[in-house]
Amino acid sequence: MARFSPRSPLSDTAGVLPPLGRRSMLKGLLATAGVAALPGLAACGSGGSGGSTDTVTFGSNYSDAVPKGAVQSVMDAFTKAQNLKVTVNTKDHNTYQEQITNYLQGRPDDVFCWFAGYRMQYFAGQGLASDLSDVWTDIGANFSAAQKEASTGADGKQYFVPFYYYPWAVFYRPSIWQQRGYEVPRTFDELVALAGRMKSDGLIPIAVGQKDGWPQMATLDYINLRTNGYEFHMNLMRGKEDWQGAKVRAVFENWRRLLPYYQENALGRTWQEASDSLEKGEAGMMVIGNQVLEKTKGQLDDLDFFAFPEIDPAHGVDTVEAPIDGFMLSRKPGNPDGAKKLLRFLGGAEAPVLYTKANPSVIATNAQADTSGYNKLQRKYIDFVGQAKHLTQFLDRDTDPRFASDAATNGINAFLNNPNDIDSVLKGLADQAKTIFTG
Amino acid sequence: MTAPVQTPRHGGKPAGGGRERAFRVALYVFLTVTSLIWLAPLLWAVYTSLRDYEDTARNGYFSLPESLTLDNFGKAWTQAELPHYYLNTLLITIPALVLVLLFSSLVAFGVSRFNFRFNLALLMLFTAGNLLPQQVIVVPLYRLYLLTPVPEWLSDSGLLLDSQLGIVLIHVAFQSGFCTFVLSNFMKTIPFELSEAARVDGAGVLRQYWQVVLPLCRPALAALATLEFTWIYNDFMWALVLIQTGDKMPITSALANLSGQYFTDYNLVAAGSLLAALPTVLVFLVLQRQFVGGLTLGSTKG
Amino acid sequence: MAVLDQPPATAPATADTAAPGQRWPGRGRRRATSLSRADQLVLGLMLGVPTVLHVALVWLPTLASVVLSFSEWNGIGGIEDIQWVGLDNYVDIVSRYPRFWPAVQHNLVWLFFLLVLPTAFGLLLAVLLDRKLRFGRFYQTSFYLPMVLSLALVGFIWQMMYQPDNGLINNLIGRAEANQINWLGNPDLNLYAVLVAAGWRHAGYVMLLFLAGLKAVDPALKEAAALDGANAWQAFWRVVFPVLKPVNIVVLVVTVIEALRAFDIVYVINKGRNGLELVSVLITDNVIGESSRIGWGSALAVILLIISLGFIITYLFQVFRREERA
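Protein chains in written order, with our numbering: chain A, 1 to 439; chain B, 1 to 302; chain C, 1 to 326.
A portion of the hints provided could be inaccurate.
Claimed, not checked - List of simulated lysine-lysine pairs, DSBU-like, C-alpha gap at most 35 Å:
(1) Lys85/A to Lys75/B
(2) Lys75/B to Lys295/A
(3) Lys271/C to Lys68/A
(4) Lys215/C to Lys427/A
As the list claims (entries may be wrong) - Some chain B residues judged to face chain A by a derived CB distance under 7 Å, without partners named:
(5) Asn115
(6) Leu146
(7) Thr148
(8) Asp162
(9) Thr245
(10) Thr264
Stated by the list, open to error - Some chain B residues close to chain C (C-beta under 10 Å, calculated; not the full set):
(11) Gly18
(12) Arg21
(13) Arg58
(14) Met124
(15) Val139
(16) Tyr142
(17) Leu169
(18) Phe174
(19) Leu227
(20) Ile251
(21) Leu274
(22) Val283
Hints were generated in silico from the structure; no laboratory data involved.
Every value quoted in this text rests on a predicted model; they were computed, and no experiment measured them.
A virtual CB, placed ideally from N, CA and C, is assigned to each residue, including glycine.
The task is simple: from the sequences and hints, build the whole structure.
Set out below in structure tokens:
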């Protein structure tokens with residue numbers, strides 16, 4: 001019989017048994033039990049749900065070094081001003097987003113970071129966030145009507161304190177455009193013509209990095225907003241319009257005109273890699289938010305942007321896609337009074353200044369915030385957003401997250417892969433919209 | 001089948017002249033080339049991690065280095081707060097490892113040394129459980145953890161959710177299937193006479209397990225320890241669903257953070273990833289000798 | 001020996017009161033003949049505690065998932081917030097979920113690929129390494145090393161290999177400057193590119209399983225086959241391979257499960273989109289994250305579960321039928 005047996009068990013037993021006997025194993029087990037108990041003991045003091053009155057807990061997705069430090073400086077200032085400690089629970093932003101549903105139902109921190117728009121309304125509607133209307137009576141003067149709208153739930157109450165935003169636009173390097181004699185396009189036709197010129201000049205006309213699945217949502221949003229206007233766009237996002245209708249079809253037909261000028265292998269590249277080619281001067285322009293500023297710190301002097309150009313004059317360029325990041329109050333905060341103090345502080349004039357000082361790539365939403373430290377692009381942004389009639393929050397913040405993360409992302413990718421098959425892409429989107437927007 | 005033919009244990013093949021030598025040469029050439037191809041991706045990562053970012057930005061990654069440096073490792077070490085996350089992961093991995101080996105050896109001992117009516121069913125339950133996809137159980141598991149109170153001294157959350165204990169338990173429950181299967185097969189190869197002798201001497205069940213059977217299972221335990229260490233150490237799904245405090249996250253999430261932050265700095269991310277992988281590589285190298293011998297799966301009985 | 005040092009103080013099992021549920025040993029195997037009450041209790045605990053834990057944390061959630069697959073639920077609130085929709089999820093998934101059939105297809109390609117190439121290659125390596133070799137340990141280590149690495153690292157390493165302009169592969173084959181091959185970005189190509197990475201890991205695993213199996217084969221058997229004058233090839237397939245049948249089953253099942261469970265590597269590379277859809281990714285997308293569609297995701301999980309169970313049952317049947325005969 002070809003059977004494996006441990007090396008001559010009998011002879012082994014005699015020599016080996018006692019040493020590996022009770023004692024060593026028991027020791028191992030005890031050590032293990034000790035180790036298992038350690039984290040519990042060590043972390044005893046810092047629990048979130050304790051409901052202590054001298055501490056506020058803060059759930060943060062500001063995990064990169066610079067924003068993390070900037071948040072810490074804001075919290076330190078708060079502690080100094082109000083004599084309340086803040087325990088910051090930082091998770092990397094991907095994990096934070098993937099966990100959000102579980103997190104808000106589990107043991108959320110008192111105050112947590114989140115996004116304005118439908119994504120805020122969704123959790124407010126599910127009862128996973130607390131009403132902040134009383135906070136807003138104090139901080140309301142600091143914000144515009146559009147910002148208040150973006151902080152308001154479906155029930156008309158406020159659930160969100162805006163902190164900063166990062167508007168999306170078309171970025172380019174002025175030095176290269178000057179050298180080649182390009183001009184900022186005012187209409188979509190001009191944009192397409194310019195892209196054609198860039199291509200014949202040997203440039204990659206439009207840098208694209210769609211590997212993470214979301215950056216191209218901005219292009220879809222903008223083309224829809226310019227073609228069909230704000231009202232239609234928002235209704236489409238809420239599942240009240242037909243993805244297979246003629247209006248959406250027109251959007252994709254327009255979009256298809258741009259695709260010949262897209263950087264190749266768009267789906268295999270991250271937006272960071274795509275913006276590298278913009279910085280290096282290999283690509284002519286890129287639709288991106290101002291996170292590009294944080295990335296291209298060294299080259300800010302040679303970077304500029306313009307609004308995504310007009311398609312239908314009836315709508316012009318009246319809408320800016322300007323996603324807002326901010327804060328919400330969890331369902332049952334352990335320290336509600338302290339948490340509201342913190343939220344008032346975050347909605348005040350001081351906090352955004354502290355934050356933007358430490359992380360100069362964002363623009364504070366707060367109208368009272370001191371902008372003297374802003375760079376040229378940040379100042380231009382303030383006008384850019386100020387002139388907008390409507391603000392949108394970005395596709396994945398304006399629609400049901402179930403629709404955004406699966407159907408929309410993959411529909412856009414399918415379209416980029418196969419632009420000539422608009423029908424089946426739209427059918428896929430429409431079918432899924434029907435299974436998701438059932439209400 | 002396999003009637004044991006009485007032949008002396010052979011050390012090497014009998015010297016077989018020129019053809020045999022040609023075969024040996026070809027074999028060495030083939031194995032050397034193949035193993036180098038196998039190592040190439042890893043060496044490429046090591047090479048990248050040793051180069052300065054400016055250097056690769058100027059010359060591309062496929063180029064000779066201007067200089068080699070360990071700076072990336074130092075930077076990754078501090079930027080990703082690796083010491084903290086190593087500790088987090090070890091606080092999960094080591095208790096889980098010990099408990100899974102303990103539990104599965106207990107069950108394996110029971111089902112392999114005693115004849116119960118439900119032996120087979122029990123073994124099948126464990127084995128099948130190990131083969132389920134993780135995703136199938138995450139949602140109800142989250143709910144279960146949310147509803148299970150735990151004394152504060154074991155989990156500062158007061159719940160199984162967001163506690164290292166919870167992660168340890170699910171690892172133990174999930175992995176014990178595989179270990180039970182392997183160990184029960186291994187234990188069947190241990191002669192019954194041994195525990196019988198102990199029993200006649202008045203040793204109870206516990207002592208038969210602890211002093212007779214378990215010590216003989218060391219090769220299998222070593223092999224399983226290596227495998228399970230790797231699997232538990234590398235897992236990120238359970239933590240993603242069940243841990244809610246950033247400071248308790250395992251090392252896999254520290255890496256996610258590092259690569260999210262230094263997206264285009266492959267050199268730094270490569271250094272961080274290699275550092276994170278170091279413990280599993282070390283464990284494997286140390287326990288390698290026991291490895292193949294221990295992992296018999298007990299299944300080569302003809 | 002420690003055991004023998006103990007004075008036989010406890011009653012030497014005289015009264016053979018067979019415990020309930022315990023049968024007398026049969027078929028020539030000598031087993032523990034009787035159990036004292038204390039031993040029964042100990043044994044009950046030894047088996048009971050791990051079993052309770054396993055059932056509570058693995059099987060109960062599995063059953064709950066099956067139940068949830070008939071619901072529509074966003075994962076928020078309690079049982080009262082769950083709407084029961086019968087088979088709707090299943091119908092919608094197969095009829096109007098554009099990613100479903102591609103994902104199934106990719107899983108099948110994955111399975112077929114793993115079963116053919118890395119498995120055969122792992123077997124080859126095991127046979128070649130199952131002899132006295134200089135550097136044998138080195139070879140074994142290099143083939144097995146990828147298995148030790150986390151899939152996050154494997155995904156990252158292969159992204160560096162496949163990078164269009166800076167990756168090792170394009171540079172080696174001279175396609176980095178012009179005519180770049182987009183290994184991971186091209187949806188017609190990336191599945192196979194990822195399969196190479198998965199195979200890189202899997203071959204070492206298979207090698208190890210076969211190596212363990214081969215080491216356990218009676219050397220006399222291999223010897224006898226060699227002495228028969230049969231050439232090595234024939235000897236292997238006729239004599240050794242049949243003995244390995246149990247290992248083959250283990251390898252087969254491990255491969256099938258790996259193929260069906262495949263998840264981390266595509267998730268690391270591009271979240272399982274754009275040609276890398278797998279059923280496990282679709283489940284994750286729907287049950288984890290902001291976009292919780294628990295019922296939908298659970299239905300996908302159940303579909304995967306049913307497929308897995310098919311293989312699991314075949315496997316258990318194979319393994320434990322031998323048990324019965326033994």
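Item to check | Broken hints, by number | outcome: Hints 4, 5, 7, 11, 12, 13 contradicted; others consistent.
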